[in-house]
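When you get a sec, could you build the whole thing from the sequences and use the hints?
Heads up: the sequence lines are chains A and B, in that order.
Residues in the first sequence are numbered consecutively from 1, following this note's numbering.
Residues in the second sequence are numbered consecutively from 1, following this note's numbering.
Rather than coming from a laboratory, the hints here were simulated on the basis of the structure.
These figures come from a predicted structure and were not determined experimentally.
Positions of the beta carbon are idealized from the N, C-alpha and C atoms, including for glycine.
Possibly wrong hints are sitting among the right ones.
[What the hints assert, rightly or not] Listed next, the stretches of chain A that the computed footprint assigns to chain B, with coverage defined by at least 3 CB atoms under 8 Å from CB atoms of chain B:
id, region
1, 13 to 21
2, 60 to 73
3, 117 to 130
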Amino acid sequence: MAKCLVLAGFGINCELESRNALILAGAKSVDIVHISELTEGNKRLKDYKLIVFPGGFLDGDDLGSAKVQVNRFKYAKIKDTQKRLVDDLFEFVAKDNLAIGICNGFQFMTKAGILPKPDLVQRATLTFNDSGKFEDRWVYLKVNKKSKCVFTKGLEGLYLPVRHGEGKFFCEHDTLTNIMDNYQVVLQYADESYNVTAEYPYNPNGSLRSIAGICDNSGRLFGLMPHPEAFIYPVNHPRWTREDVTEPDGLKIFKNAINYLR
Amino acid sequence: MSYRVEIRYKEEVKNPLAKGLRRKITDFLHLTPVDIQISDVFTIDAPLSKNEIENIAKIILCDPIIQDYFINPNLPPGYNIYLEVGFLPGVTDNVGKTAKSAIETFLGKKLKEQDKVYTSKLYSFKGSITEKELKTIALELLCNPLIEYYRIYKKGQKVQIYIPKVTLKNDILVEKIDLNSMNDEELLSLSKNRLLALNIDEMKAIKNFLNNKKIIQLRKKQGLDHRITDVELESIAQTWSEHCKHKIFNATIDYYDENGRKETIKSLFKTYIKASTEKIGKKRKDNFLVSVFVDNAGVISFDEKYNLVFKVETHNSPSALDPYGGALTGIVGVNRDVLGTGLGARLIFNTDIFCFADPFYKEKLPPRILHPRRIYDGVVTGVEHGGNKSGIPTINGSIVFDNRFLGKPLVYCGTGGIMPKEINGNPSHIKKINNGDLIVMCGGRIGKDGIHGATFSSEELHEGSPATAVQIGDPITQKKMADFLYIARDMGLYNAITDNGAGGLSSSVGEMSQMSGGCEIELDKAPLKYEGLNPWEILVSESQERMTISVPPDNIEKLLSLARKYDVEATVIGRFTNSGYFHCLYNGKTVAFLPLDFLHNGLPEMKLTARYNNPYKPIPILLKTKHNTGLILKKLLSSLNICSKESVVRKYDHEVQGMSVIKPLTGLFNDGPSDSAVIKPLPDSYKGIVVSHGICPKFSDYDTYNMSALALDEAVRNAVAVGGNINNMACLDNFCWCDPIKSEKNPDGEFKLAQLVRANKALYDYTLDYGIPCISGKDSMKNDYIMGDIKISIPPTLLFSLIGIIDDVRKTQTLDFKNPGENIYIAGLTKDELAGSEFLNLLKIRGGKIPTVNSTVNVELYKKIYKLISDGIISACHDISDGGFGVAIAEMAFSGGLGAKIDLENIPYEGEENYLYRLFSESAGRFIFTAKRESHKFITNFLKGLPFSPVGATTDNDFLEIRYKNKVIIKENIYILKEFWQKTLREL
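Written out as structure tokens, the structure reads:
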């Protein structure tokens with residue numbers, strides 16, 4: 001069975017629920033791996049088929065969200081080798097593996113140049129919400145059915161919480177055209193009827209084209225600001241006492257991933 | 001070599017934070033800058049080449065998509081005037097620290113200790129802002145001169161690189177003081193000048209201790225003499241502080257009641273709080289109470305495998321001086337309490353309750369008081385950063401407004417944790433230290449920040465309040481430390497742990513050494529933020545993010561290497577002994593040598609007098625019924641204490657860790673006010689936790705006995721309203737009082753102490769009646785502000801925080817109306833009790849009867865409500881508190897997006913007849929709930945004998961219609977009511 005890695009440490013906060021989500025989705029082997037296990041060379045990415053970059057506040061987001069982690073991946077050497085973490089990551093994503101970055105993890109994948117194209121060149125960013133503040137609120141997401149994204153296969157609309165202060169997706173015109181034309185824009189903020197809208201608070205952060213999540217060209221690498229791992233039980237839904245909640249939307253994303261690896 | 005790197009947002013992007021700042025400047029200062037740009041400035045003081053700096057700026061500090069970098073630049077062009085704000089020397093600069101460490105990773109080498117990165121913000125203004133106006137902006141909004149500097153530049157001015165380096169040039173010394181030669185006056189002035197906060201009896205006890213010949217002989221062997229060292233004196237002052245020893249709660253009090261009858265109370269804590277808990281514990285005959293009053297936090301049983309830990313602290317004085325840093329330190333500080341309970345618990349939730357003055361306060365402020373809006377802003381942001389960055393959900397809280405909190409805001413921060421009952425075969429709630437175990441300090445380093453925090457919080461705020469008492473927490477350092485400690489705990493590498501909070505090492509090691517019978521600390525081994533600290537400063541500094549653990553020598557190598565791996569600093573700073581002494585050395589020389597017994601038990605008992613000589617006698621009130629009642633309801637809904645706190649709640653991550661079941665905001669639009677939070681802490685079980693609180697200082701003006709009972713009842717009611725079971729609850733008591741010791745500047749101290757006695761009596765009576773034990777608590781006794789002739793004392797305030805076990809979280813409920821055509825019921829008796837109510841406060845009337853709590857009826861009712869909710873019969877339930885029935889029914893309606901028709905005549909009522917009482921009385925023990933019509937018979941039978949009645953039905957229109965004696969009293973659109981409820985604090 002395919003092994004899954006959930007990254008932890010240095011300010012990552014959502015590793016436990018991310019592991020839990022994978023297990024509920026059917027994963028048999030999930031390791032929570034501290035970043036230092038990777039830099040010490042005790043654990044290697046090549047032994048895994050799926051990586052989760054969970055949410056959190058890496059290094060306090062002190063130099064901008066996830067910036068220090070990008071720097072660590074690009075410049076810290078794996079102990080007793082000349083390899084950098086990013087070299088291992090580069091090899092990992094080149095294979096038929098899956099990676100998902102959630103919130104802070106999405107910020108990392110974007111700033112590290114894994115998304116929208118895994119060539120280590122930063123093409124987009126996630127910056128301060130237009131509201132200027134951190135917000136925890138649930139959002140409706142329209143799924144791009146034409147997207148190759150493995151994680152959202154067969155899904156049309158999602159309802160998930162966002163919890164961030166730096167979630168505004170931004171990139172230059174050419175990049176935007178590229179990812180739109182290639183159906184790499186997987187998730188967009190929408191209203192209750194799943195119509196894409198730029199209106200606050202449906203679009204909670206002012207993201208360009210209401211972009212909430214993107215994938216790479218292959219659909220195996222996925223990043224999103226909302227938190228699927230926070231909706232894996234029906235009782236996580238904010239209105240479970242008044243609405244019938246069947247399968248939690250967050251769980252569907254992880255199930256798609258596990259099914260792909262089967 | 002030093003460089004100034006400026007990171008500017010590209011013109012087409014703009015920093016969104018600038019927009020918010022512009023609004024604040026317009027709203028609060030009524031100035032109108034045309035445009036503002038904010039850039040981040042990094043002043044890098046390290047021997048780096050131009051090329052290296054170029055790469056650092058480009059790669060580490062700048063986001064190329066939206067920002068540009070500049071090295072040693074001129075001021076940004078196109079603006080007229082500029083303001084730069086940075087930290088004063090020695091103030092924690094988290095971003096600077098992170099930047100340095102990122103630079104080291106980038107270069108692949110360590111920089112020197114003295115090489116540093118300092119951060120500041122540069123605000124560039126367009127438009128007609130004068131230098132004087134900019135100064136106002138600096139002092140009113142952007143810069144707190146206690147911890148920050150600011151500079152103003154004009155267009156074209158050259159920017160000088162400024163490095164806020166700490167330079168302490170003094171020689172390290174240990175002062176020796178001869179107390180024998182001092183008279184009482186001199187002893188007192190020594191206490192005052194050194195900020196020891198010790199009274200004359202305590203100073204004399206220390207003097208006497210040093211008169212003992214045997215003691216002096218033993219001291220001589222250590223190279224000391226009859227003079228006390230500053231290390232010893234400071235250490236005693238910390239240990240004996242009100243903050244650490246709770247002297248008032250342990251004092252012997254002669255209490256004279258309203259009839260002048262005397263009662264002698266030996267320790268409020270033992271007589272009321274502890275005694276009640278012990279009685280409840282004996283009665284329960286199960287293992288619900290695991291560890292109470294002995295550790296940093298209370299411990300109760302969750303299920304067969306896990307225990308829960310809960311603690312609430314206050315951080316009032318530091319938050320008055322630096323709201324952001326004070327509140328941030330408050331939350332990360334209480335996190336450490338729970339992390340340091342037993343062998344350490346995993347942190348699973350935060351709570352926070354704030355008491356502020358009106359954020360729209362318009363009158364002139366007394367000196368040194370920050371505007372309440374700034375306190376509000378700073379405290380909210382401090383707790384936001386502390387909680388969110390630590391990955392702990394903030395699940396419950398509230399804000400109480402009263403202008404007497406101008407003098408000191410109250411900042412209650414709470415944390416819950418979970419730990420396995422057994423770790424490596426040992427009970428997790430028990431610590432054990434052996435002679436020879438090593439003292440290891442881990443986490444942050446020691447600086448001058450936070451010196452005298454414990455003694456400072458034991459004093460009122462005055463002119464000489466030290467800036468060094470303020471600290472800024474660093475959640476990320478603490479997060480890394482917590483990650484490391486969980487692993488070390490499970491590997492069994494340490495056998496005791498406690499946090500370094502108030503009193504620093506002096507308190508943490510001082511307390512731990514009681515377990516082995518002594519300690520030897522080598523103060524020179526402790527890692528410092530910068531050189532130049534005297535030994536006493538190292539011992540009592542309250543620099544943040546530090547835990548002390550006791551490590552058997554055999555485990556030390558493993559522990560230190562684990563720490564290195566997790567990037568946590570851990571240092572052996574001595575060992576635990578069985579010598580009977582608290583022994584400190586500096587470079588091999590003894591600098592403190594105190595018998596543990598004297599340090600911990602030498603404190604003379606306090607004797608106090610309390611007189612309840614001015615009790616409230618009900619003032620009759622005359623209610624006019626000509627009011628526009630709908631308008632009153634609207635005004636109540638938008639009053640500060642009742643209105644929606646959504647803008648604050650959303651800033652807190654209340655869902656991280658994925659356990660959320662009942663969130664703070666709920667209902668059809670996710671914006672109704674939940675009564676309590678519910679979470680499920682374990683992935684493979686639906687067993688859960690309910691968390692609520694009760695706080696109502698407004699009743700203290702009438703009787704603190706009722707206030708205390710009402711606060712507890714409110715906490716219980718809130719928990720029951722979501723489906724909590726009164727048989728599985730425990731609570732925490734946090735007293736915040738105004739100085740209850742009589743003195744020249746505090747002539748009514750005896751009355752305030754009597755108020756404290758009465759609050760404790762109620763605590764005893766009602767916790768016992770409800771069977772809900774206090775498992776931990778805290779007191780903060782000097783919440784006064786004295787400056788010249790101005791004295792502001794807070795109203796006596798008692799917070800009850802409640803934690804309960806829920807058998808199945810799927811059987812809980814929320815307040816929002818679910819379906820039209822359902823019956824609406826009220827449970828609990830309404831009386832003509834309006835004293836202290838929001839209704840009378842709105843009309844600015846003091847008087848009326850104060851609500852009382854009938855525990856016999858309530859206990860029975862609460863058990864039945866619990867049953868009705870868990871059996872799925874109740875479809876919505878809300879407790880009635882601030883604003884009475886009228887506010888509660890409105891909240892249920894607009895939260896559910898449904899109307900209601902109500903007849904007030906059906907409310908079970910006792911007292912003078914007037915519908916305003918029925919609508920707005922704040923009588924305790926009441927709920928509104930809904931149920932399907934077909935359940936009516938069952939409910940009527942089930943609640944027989946209890947005060948309850950159907951009062952109306954939910955409707956599918958948008959109106960709340962309330963009738964009384966066939967007349968429509970209120971008919972209002974629920975969305976208009978909601979707008980009134982939401983608008984007050986929406987933009988704050």
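We went through each hint and held it up to the structure:
| no. | hint | in the structure |
| --- | --- | --- |
| 1 | 13 to 21 | holds (count 6) |
| 2 | 60 to 73 | holds (count 9) |
| 3 | 117 to 130 | holds (count 8) |
Checked against the numbered hints above, the structure breaks none of them.
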